[in-house]
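> Chains as they are written, first to last, in my numbering: chain A, 1 to 292; chain B, 1 to 358.
Everything labelled a hint here was simulated from the structure, so no lab data went into it. There may be inaccurate statements among the hints.
[Said to hold, decoys possible] Some chain B residues near chain A, calculated using beta-carbon distances under 7 Å:
1) L59
2) Q85
3) P105
4) N108
5) R109
6) G110
7) L205
8) D209
9) F286
[Unchecked claim] Derived DSSO-like pairs (lysine-lysine); straight-line CA-CA distance at most 30 Å:
10) A:K189 with B:K210
11) B:K26 with B:K277
12) B:K309 with A:K197
13) A:K206 with B:K176
14) A:K189 with B:K277
15) A:K197 with B:K26
16) B:K309 with A:K5
17) A:K197 with B:K277
18) A:K189 with B:K157
19) B:K184 with A:K189
20) B:K176 with B:K157
21) B:K157 with B:K136
22) A:K5 with A:K95
Idealized CB from N, CA, C, for every residue including glycine.
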Amino acid sequence: MMQEKTVNHKAWFLVLPVLVLVAFSAVIPLMTVVNYSVQDSFGNNQFFWAGLEWFREMLAEERMWDALARQMAFSAIILAIEVPLGIFVALNMPKRGFWTSFCLVVMSLPLLVPWNVVGTIWQIFGRVDIGLLGYTLDALGIEYNYTQNVIDAWVTVIVMDVWHWTSLVALLAYAGLQSIPDAYYQAAKIDQASRWKVFRYIELPKMAGVLMIAILLRFMDSFMIYTEPFVVTGGGPGNATTFLSIDLVKMALGQFDLGPAAAFSIMYFLVILLISWVFYTVMTNLDKREGN
Amino acid sequence: MAKITLDNLAHSYLPNPTGEADYALKELNHDWEDGAAYALLGSSGCGKSTLLNIISGLLNPSQGRILFDGQDVTDAPTAERNIAQVFQFPVVYDTMTVRDNLAFPLRNRGRDEAYVAERVQDVARMIGMEAELDRKARGLTADAKQKISLGRGMVRKDVNALLFDEPLTVIDPHMKWELRTQLKSLHHEFGHTMIYVTHDQTEALTFADKVVVMYDGRVVQIGTPEELFERPEHTFVGYFIGSPGMNVIPARVDGRQAYVNGSSLDLGQGYGPLEGKVEIGVRPEFARLSDSEGLPVNIRRVEDVGRHKIVRADFFGNDINIIAGEGEEIGADKTRVVFDPAHINVYANDWRVQGEAA
């Protein structure tokens, strides 16, 4: 059936406010970075065209590849811990009554703490001289020093992230679980399904949607992590916990290499965009395929 | 299959019930005959789902016992009772195929694959879903999903009972008929004990051999559809069943006569002295308009529903309904109503009183 559409070019004006907003919040800052990435400067606000020189240089730079590898490892590890742990916590939360609200409040607390405060908390917590964790471990005879030992530094940063963000996964998973009608559990009982099968065939499929969001959020956030490891380890010992954003800041502000830093930023941005897009597409396709 | 006995059963959702009002299900003794089809009928919140959940073991009763073939199962978990239940909203395992859904209860019980395959094929034929066996259950229509739930209940041959908790609520009207007919023929073929909870009288009356009517946590009558129609034991049964329901009119009863507002009418049977609130009940089907006999009535409205007419009228200040034939002329001269004496029931405090044959 054909339908005549009214042509009204005034409608474009309605889009204008959004365009202006997006321009100021995203397009213009991003373009500034693009601008820097293709120019060179010797100061005095004088710029020279550099083409793709910075990109070529950065791609050849081992330092960036190392940071990327560390970043990948970090995101993979925290996802591998936080997602199953979050699901586990959600499964074991009380379903109703006073303790439900209690658990929800307690679990949201870490989410409300500002990033640099989280870093400071763990920085002090892990110190061998005054920190509860560091002191206890030391007293137990376990050698622990996150400022000197690479493994200790990684463990500290990972445990900190798990402490800070597992709640998010748990809360989302819990919301998914709450939406499952009682009849499903009753039917499973009647079908004599084991606990594992209830999880596999009822709870997991019903949680899939929110879990996808949780994984996506945690991936993006962990891939951009800066403040917490910066406060705790400052990227050290050596470069052991120098993740992409820490490296980027060192380059841009520490060394004031604006051109390479801008090229780095753009590639960093593209990597996150690419991985998120691939992830999202794969997950939604899986979802569709299951539903035929 | 088994006979299910309810022995002094009662349930309250409160931890410390004091009065009778605290009980969602009031004390009840009843035997569900092996292989019969029952309907549990009542309005929302009358305790019918509570009763069903107690039988299936999803709920532990506050008092009393449940016996399957004489064996006490009150404390046995659902899985051990070997019953099947179909819920109001279709429960299917979305990520599995229809085949795996149907096989699920058997596989969980460790039956061998050859047997499982055979049963799944049989059940798929029964519910008419052989063609869809290898589809994912997600994305099927509500009635297809409900058929799968039903099939999962039937796949085990040895179930003690099949319980239905308003299973057709989400189904399209034309599919309702089909599924209900299917259920009925499955019952005839395999003879499972079936208990069907519903608030729809048509569903109850067409499905069941015996209908259990519940009201306010109490079973008020158990009977065949015919008994419920002709001899409602409680005024609630009178107006819950029938369309429109029974006319209930306050009256004074003395022997063979009832007096409504001073005018007398014949009851066909004699009654002893009655205590409390006395009413007479007569179904609209057994009332007839007349121009000369009977008692005065004021017609207010006539509704033609196609196969007959429903006359809304005022009878000494009581609203009553009378069913008149489709061809019947309802003129201004019809000012009187006649009740068929053989079909007048007498109620004291809402419960029917047995008359003495005179």
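> Given the hint that K157 (chain B) pairs with K136 (chain B), test it: the Cα-Cα distance must not exceed 30 Å.
holds (25 Å)
> Under the criterion that the straight-line Cα-Cα distance not exceed 30 Å, is the pair K176 (chain B), K157 (chain B) satisfied?
holds (25 Å)
> Within a Cα-Cα threshold of 30 Å, do K309 (chain B) and K5 (chain A) meet the stated pairing?
Given pair K309 (chain B), K5 (chain A) is violated - Cα atoms ~52 Å apart, limit 30 Å.
> Given the hinted pair K5 (chain A) and K95 (chain A), is their Cα-Cα distance within 30 Å?
The given pair, whose Cα atoms are some 52 Å apart, is violated under the 30 Å limit.
> If you take the shortest Cβ to Cβ gap from L59 (chain B) to chain A, is it below 7 Å?
Check failed: Cβ of L59 (chain B) comes no nearer than 10 Å to chain A, outside 7 Å.
> Are the Cα positions of K206 (chain A) and K176 (chain B) separated by 30 Å at most?
With a Cα-Cα distance of about 28 Å, the restraint between K206 (chain A) and K176 (chain B) holds, given a limit of 30 Å.
> Quickly compare the C-alpha distance for K189 (chain A) and K277 (chain B) to 30 Å and report which way the hint goes.
Since the Cα atoms of K189 (chain A) and K277 (chain B) sit roughly 47 Å apart, the hinted pair is violated (cutoff 30 Å).
> Holds or violated: K197 (chain A) and K277 (chain B), Cα atoms, limit 30 Å.
Measuring from Cα to Cα gives roughly 57 Å; hence the hint is violated.
> Are Q85 (chain B) and chain A close enough, Cβ to Cβ, to be under 7 Å, as the hint says?
Given a least distance of 5 Å, the restraint on Q85 (chain B) holds.
> Decide if the proposed pair is consistent with the structure: K26 (chain B) and K277 (chain B), CA atoms, cutoff 30 Å inclusive.
Holds: K26 (chain B) and K277 (chain B) sit about 23 Å apart, inside 30 Å.
> How about L205 (chain B): closest beta carbon in chain A under 7 Å, or not?
Violated: closest Cβ of chain A sits about 26 Å from L205 (chain B), beyond 7 Å.
> Assess, step by step, whether the Cα of K184 (chain B) is no farther than 30 Å from the Cα of K189 (chain A), and give holds or violated.
Given that 30 Å is the threshold and the Cα spacing comes to 26 Å, the pair holds.
Comparing the model with each earlier hint shows violations of hints 1, 6, 7, 8, 9, 12, 14, 15, 16, 17 and 22; every other hint is respected.
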